[in-house]
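Here are the chains, one letter per residue:
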Amino acid sequence: SQTIHQWPATLVQPVGSPLSLECTVEGTSNPNLYWYRQAAGRGLQLLFYSVGIGQISSEVPQNLSASRPQDRQFILSSKKLLLSDSGFYLCALTGKAGANVLTFGAGSRLTVL
Amino acid sequence: GEDVEQSLFLSVREGDSSVINCTYTDSSSTYLYWYKQEPGAGLQLLTYIFSNMDMKQDQRLTVLLNKKDKHLSLRIADTQTGDSAIYFCAESRYSSASKIIFGSGTRLSIRP
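Protein chains in written order, with the numbering used here: chain V, 1 to 113; chain U, 1 to 112.
These aren't lab readings, by the way, just hints derived from the structure by calculation. Careful: at least some of the hints might be erroneous.
Straight-line alpha carbon distances no greater than 35 Å define the calculated DSBU-like cross-link-like pairs of lysine-lysine that follow [claimed, not checked]:
1. V/K80 - U/K36
2. U/K56 - U/K36
3. U/K56 - U/K99
4. U/K36 - U/K99
5. V/K96 - U/K36
6. U/K56 - V/K79
7. V/K80 - U/K56
Example chain V residues on the side facing chain U (calculated, C-beta under 10 Å, incomplete) [claimed, not checked]:
8. Q6
9. L11
10. V12
11. E59
12. G87
13. C91
14. A92
15. K96
All C-beta atoms, glycine included, are put in the ideal place defined by N, C-alpha and C.
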């Protein structure tokens, strides 16, 4: 079965520091991969998605970037964090066919102070 | 447009039915989904419906789709305390099958 590993689970970082959140998947190959952010009291915002290695689509211009160096690895980064980057970051995957059902990881909670 | 909209809160008495509503703007949506998020957790798929259907039932859950009005609803029969969660509506579009857009989520609370 498909599983998604995200780490770290919780992170507290100062403003201006760099960020790297990692997502790896198992039990599938050539998935579509997604980063979503859920800010406190708000909905789920699509940040990036990737249909293959090195292919990244950015949905919202912002302080963050994503990379997909391997088929089953998706990384969310920032060079300098802002207070507004605080939130709950969720990695997700779908297969290439069928109903595009998302499988989510457990999330990484980022607090920027 | 890109919007998927939901009301933010719903309060229901235990044992009653809950109806959570969602509107979307893109007529090219292929699949529409309902996800559930329990406190501090990721999202889990509850059910989904293909855009050529108008109803889908799965045990206590009934999904209704009005494609003309771009309106989706989720009915939970005999609501229980374990149903307390945030419910997200989402759509996947024919024009970009990889892009899945979520609403803001509806927080369902159950009162005794």
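Here is how each hint holds up against the structure:
Restraint check for V/K80 and U/K36: the C-alpha separation of about 33 Å stays at or below 35 Å, so the hint holds. Proposed proximity of U/K56 and U/K36 is supported: the alpha carbons are some 17 Å apart, at most 35 Å. The suggested pairing of U/K56 with U/K99 holds, with an alpha-carbon distance near 23 Å, which does not exceed 35 Å. Taking the CA atoms of U/K36 and U/K99, the gap is about 19 Å. The hint holds against a cut of 35 Å.
For a cut-off of 35 Å, the pair hint linking V/K96 to U/K36 stands: about 23 Å separates their Cα positions. Straight-line distance between C-alpha atoms of U/K56 and V/K79 comes to about 46 Å, which puts the hinted pair past the 35 Å bound. At most 35 Å may separate the alpha-carbon atoms for a hinted pair to count; V/K80 and U/K56 exceed this at roughly 46 Å. The interface hint given for V/Q6 holds, since its Cβ lies 9 Å from the closest Cβ of chain U, which is under the 10 Å cut-off.
Taking 10 Å as the C-beta contact cut-off toward chain U, the hint placing V/L11 at the interface is violated, the least distance being around 15 Å. Evaluation of the V/V12 hint against chain U yields a violated restraint, the C-beta minimum of about 16 Å exceeding 10 Å. At about 8 Å, the closest approach between the beta carbon of V/E59 and any beta carbon in chain U falls short of 10 Å, and the interface hint on this residue holds. For V/G87, the suggested interface contact is broken, since its CB lies about 14 Å from the closest CB of chain U, more than 10 Å.
Look at V/C91: its Cβ gets to within about 9 Å of chain U, closer than 10 Å, so that hint holds up. Of the supplied interface hints, the one on V/A92 holds, with its beta-carbon coming within about 8 Å of a beta-carbon of chain U, less than 10 Å. Restraint check, V/K96 versus chain U: the minimum CB separation of about 9 Å is within 10 Å; hint holds.
Against the hints set out earlier in the document, violations occur for numbers 6, 7, 9, 10, 12.
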